[in-house]
Amino acid sequence: MGNVKLLSGNEAIAAGAYRAGCAVAAAYPGTPSTEILENIAKFGGRIDCEWSVNEKVAMEVAVGASIAGVRSLAAMKHVGLNVAMDPLMTYTYIGTNGGLVVVSADDPGMHSSQNEQDNRVLVKFARAVQLEPSDSQEAYDMTRAAFDISERTGAIVFLRMTTRTSHSSSLVDLGEDYEYGDAGSRGYVKDITRYVSVPANARAMRFRAEERSKALLAESEASEFNREFIAEGSEIGIVTSAVAYEYAAEVFPDCSILKLGFTNPLPEKRVRKFASRVKRLYVVEELDHVLRDAIECAGVKTDRFKTELSMMELNPDRLRELRREIMGDGSAAPAPKRSLPDFVPQLPTRPPVLCAGCSHRGVFYILSKLGATVSGDIGCYTLGCVPPLSAMDTTICMGASIGAAFGMAKAGFRGRLAAVIGDSTFFHSGMTGLLDVVYNKGGITVVVLDNRITGMTGHQDNPGSGRTLLGEPTVKTSIAEVARALGVRRVREVSAYDIPALETALKEELDVTDEPSVVVVFGSCVLASKRNVGAIPDSVDSAACKACGACFKLGCPAIVRGEKVGERFKASIDPAACIGCGVCSQVCRFGAIRSGKTAGNLA
Amino acid sequence: MKDTVNVTLVGVGGQGILLTSEILGRAAALAGFDVKKSEVHGMSQRGGSVTSQVRFGRHVYSPVIPFGETDVLVAFEKLEAVRCFALLSPGGKALVDVREIVPVTVSSGQQVPVADQDGVLARLYEGRAVYTDSCAVARKLGNMRTSNMVIAGALSMMLDIPGECWVDAIKARLPEKIRDINIRAFEEGSAGLSETSV
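Line by line, the protein sequences give chains A and B.
When you line the first sequence up against our numbering, it's residues 1 to 603, in that order.
When you line the second sequence up against our numbering, it's residues 1 to 198, in that order.
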């Protein structure tokens with residue numbers, strides 16, 4: 001049956017980019033978009049690909065490649081697009097040379113994000129084309145088409161993914177002719193009026209962008225990605241897009257459906273024609289009312305419903321609730337009970353935690369002990385907020401820890417104040433914040449948790465890891481040297497596993513408030529460095545253990561309750577989970593914990 | 001057979017759940033079914049609960065299984081089996097591995113464990129579950145990391161997907177070095193189903 005594979009949406013985008021002859025791809029890792037570039041890298045360098053230091057740079061690299069005449073792609077999670085908006089908003093005026101495709105992966109329901117912003121709003125704002133795949137086959141087909149549309153019209157084309165379309169797998173027919181579709185280069189010709197966005201040129205660009213919008217409308221009206229499924233005799237019509245279409249097709253098989261794949265600009269005539277065939281018209285979309293508002297702006301009246309669909313992920317159950325409301329029929333049975341029978345007691349939760357032996361644990365333990373207020377950042381280490389460590393006060397967005405801590409200090413905050421940020425996040429957008437602190441004579445302490453990897457998204461390389469996306473060796477940027485170059489005089493490097501040294505360093509630097517300081521805490525990621533494999537675990541001498549509970553405050557999953565002593569418990573170490581990092585043995589005041597040995601070097 | 005068969009796999013990060021669901025998805029595709037598989041990555045890698053859903057049939061629309069419509073629930077861990085019971089459809093069946101992974105909330109003393117977890121489990125799934133002890137089989141084979149293929153083998157006995165499709169899927173997915181041992185684990189799992197009780 002042809003060349004059919006079970007692919008995730010992200011794998012399908014990579015395959016589509018390959019087939020379309022994409023020449024340059026750039027991204028900063030971010031769930032749920034990360035696997036796009038990881039899979040592009042599997043084409044062994046056929047597509048020049050990179051982990052950029054942040055999404056703005058990724059966008060700029062893709063824009064530059066487009067200007068030079070080749071097909072390029074930038075991928076990012078939804079909040080990453082906030083960072084990349086600046087180049088986007090002007091390149092949309094300039095218009096593409098080589099096709100430029102941007103993948104924006106939203107995270108409805110916030111599985112792994114700090115907000116659930118609906119980036120369809122931003123795509124409209126940027127006057128870009130938007131294609132919304134509903135499954136992996138469409139992700140593949142639309143990626144291929146996206147490059148063609150971009151080159152035909154000069155528009156930037158967005159593939160708007162969500163966690164569900166990025167991380168669901170379905171069958172994709174890659175076609176018998178699946179191979180790299182070398183699209184060559186359209187070449188670069190110097191044209192100052194076209195590419196230099198000084199005001200005089202930008203005004204002309206502005207008008208050209210509006211002209212382009214008209215051409216895009218024609219593309220949208222003719223697009224094969226917009227399809228009608230007419231249920232004869234049905235009075236109800238549903239306009240939908242993306243994965244919401246799959247839910248609607250399952251829950252409303254007896255209603256007419258207009259499935260929009262090309263959603264910006266809206267194919268107004270298609271919508272109007274569809275609306276004329278039905279008596280009631282409902283818009284079913286995930287998150288904001290973007291589609292509904294566009295349809296109503298086009299002068300088509302839609303029917304409203306009470307069922308709340310505009311927050312969190314959709315699913316078939318929520319659409320059944322809608323069905324019960326608008327069709328009032330019994331064909332959708334009432335929702336099944338979500339609760340367990342009464343004889344089942346309250347179940348303990350299983351939240352994500354810092355790994356056993358994680359290099360971030362000691363820092364948070366000490367910050368907690370020192371009573372520091374912690375301005376946190378985005379990464380695995382955000383889990384430092386979880387009890388019993390509870391050592392994080394704020395988390396906003398990538399890189400915000402430093403600026404926000406500085407702002408708190410300016411507001412007159414008294415007490416120990418630390419900004420805590422990971423290595424990848426520091427390179428992403430922490431460096432500028434630190435420069436601001438130095439320049440404006442701040443006195444905060446910045447703690448950089450340097451585990452030499454981008455951990456939370458699944459171990460991607462970054463400027464500190466010494467390897468590129470293709471695994472080639474490269475410059476290993478030192479965070480301490482960057483800090484010194486930015487003008488920080490108090491810079492210290494401490495091992496994450498030397499608890500006394502770490503405590504001394506943090507205490508001293510936190511208590512200096514008349515100049516900025518940087519403490520680089522180094523210790524490689526346990527998972528990425530596989531130090532958990534073949535380790536000799538730490539162990540507790542039960543006779544020496546006084547059941548004081550100090551080691552429990554580390555919140556290490558390997559330290560478990562042992563023998564009960566009165567109301568308290570002695571500690572015990574699960575040898576299957578422990579990697580022998582020895583942090584707990586340094587925390588124990590009674591010498592009851594014998595330090596094991598990790599496999600490989602701790603730093 | 002139903003139009004669409006819904007399989008939900010639950011457990012704890014690191015148990016090989018995502019690989020198992022991928023093998024299942026590929027096997028179903030090789031058997032000629034339309035397939036959709038859905039899971040959420042990200043924070044779940046850090047020791048949290050993991051869920052993966054696989055649907056196969058003539059044509060599958062939603063990648064997400066409606067609540068309470070799971071035909072076969074595969075629990076890689078006992079507490080997760082208890083937690084996810086309500087996902088099962090009224091006529092659904094479960095495959096429960098007797099592995100127990102204590103959540104950090106319990107081992108650290110912040111929350112209390114389930115008193116008589118085995119009793120609760122047995123009562124919940126009375127007559128609807130079969131049990132495996134995948135770790136015992138994997139230990140016998142000398143490679144603990146094959147425990148998920150033991151579970152896959154047992155699961156293969158509960159679904160209308162020919163065994164050779166499973167084996168082909170494992171062959172296509174796993175590197176040569178670990179292929180044979182995983183196929184053996186799969187075969188042990190399919191032969192040994194129903195020998196274990198909770």
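These aren't lab readings, by the way, just hints derived from the structure by calculation.
In this text the structure is predicted, and so the values were computed from the model without any measurement.
All C-beta atoms, glycine included, are put in the ideal place defined by N, C-alpha and C.
Each hint should be verified, as a subset may be incorrect.
[Stated by the list, open to error] The list that follows gives simulated cross-link-like pairs (lysine to aspartate or glutamate, EDC-like), each with its CA atoms no further than 20 Å apart:
#1 A:K337 - B:E187
#2 A:K337 - B:E176
#3 A:K597 - A:D541
#4 A:K42 - B:E69
#5 A:K42 - A:D511
#6 A:K190 - A:E176
#7 B:K140 - B:D168
#8 A:K279 - A:E224
#9 A:K279 - A:E268
#10 B:K93 - B:D168
#11 A:K190 - A:E179
#12 A:K273 - A:E296
#13 A:K337 - B:D71
#14 A:K279 - A:E313
#15 A:K553 - A:D511
#16 B:K177 - B:D160
#17 A:K5 - A:E268
#18 A:K369 - A:D511
#19 B:K2 - A:E250
#20 B:K171 - B:E22
#21 A:K5 - B:E164
#22 A:K42 - B:E176
#23 A:K530 - A:D511
#24 A:K5 - B:E126
#25 A:K124 - A:D86
#26 A:K5 - B:E22
#27 A:K530 - A:E567
#28 A:K273 - A:E224
#29 A:K214 - A:E224
#30 A:K5 - B:D34
[Unchecked claim] Now the in silico label distances, taken between C-beta atoms and shown as ranges:
#31 B:D118 - A:G562: 20 to 26 Å
#32 A:K369 - B:R128: 39 to 45 Å
#33 A:E472 - B:D160: 35 to 41 Å
#34 A:A544 - B:M144: 29 to 35 Å
#35 A:K42 - B:K140: 34 to 40 Å
#36 A:V512 - B:K140: 56 to 62 Å
Taking the hints in turn, this is what the structure says about them:
| no. | hint | result |
| --- | --- | --- |
| 1 | A:K337 - B:E187 | violated (37 Å) |
| 2 | A:K337 - B:E176 | violated (46 Å) |
| 3 | A:K597 - A:D541 | holds (16 Å) |
| 4 | A:K42 - B:E69 | violated (37 Å) |
| 5 | A:K42 - A:D511 | violated (49 Å) |
| 6 | A:K190 - A:E176 | violated (39 Å) |
| 7 | B:K140 - B:D168 | violated (24 Å) |
| 8 | A:K279 - A:E224 | violated (25 Å) |
| 9 | A:K279 - A:E268 | holds (18 Å) |
| 10 | B:K93 - B:D168 | violated (25 Å) |
| 11 | A:K190 - A:E179 | violated (32 Å) |
| 12 | A:K273 - A:E296 | holds (14 Å) |
| 13 | A:K337 - B:D71 | holds (16 Å) |
| 14 | A:K279 - A:E313 | violated (28 Å) |
| 15 | A:K553 - A:D511 | violated (24 Å) |
| 16 | B:K177 - B:D160 | violated (29 Å) |
| 17 | A:K5 - A:E268 | violated (35 Å) |
| 18 | A:K369 - A:D511 | holds (14 Å) |
| 19 | B:K2 - A:E250 | holds (15 Å) |
| 20 | B:K171 - B:E22 | holds (12 Å) |
| 21 | A:K5 - B:E164 | holds (18 Å) |
| 22 | A:K42 - B:E176 | holds (19 Å) |
| 23 | A:K530 - A:D511 | violated (36 Å) |
| 24 | A:K5 - B:E126 | violated (39 Å) |
| 25 | A:K124 - A:D86 | holds (15 Å) |
| 26 | A:K5 - B:E22 | holds (12 Å) |
| 27 | A:K530 - A:E567 | violated (38 Å) |
| 28 | A:K273 - A:E224 | holds (16 Å) |
| 29 | A:K214 - A:E224 | holds (18 Å) |
| 30 | A:K5 - B:D34 | holds (11 Å) |
| 31 | B:D118 - A:G562: 20 to 26 Å | holds (22 Å) |
| 32 | A:K369 - B:R128: 39 to 45 Å | violated (50 Å) |
| 33 | A:E472 - B:D160: 35 to 41 Å | violated (47 Å) |
| 34 | A:A544 - B:M144: 29 to 35 Å | holds (32 Å) |
| 35 | A:K42 - B:K140: 34 to 40 Å | holds (35 Å) |
| 36 | A:V512 - B:K140: 56 to 62 Å | holds (60 Å) |
The earlier numbered hints that this structure contradicts are 1, 2, 4, 5, 6, 7, 8, 10, 11, 14, 15, 16, 17, 23, 24, 27, 32, 33.
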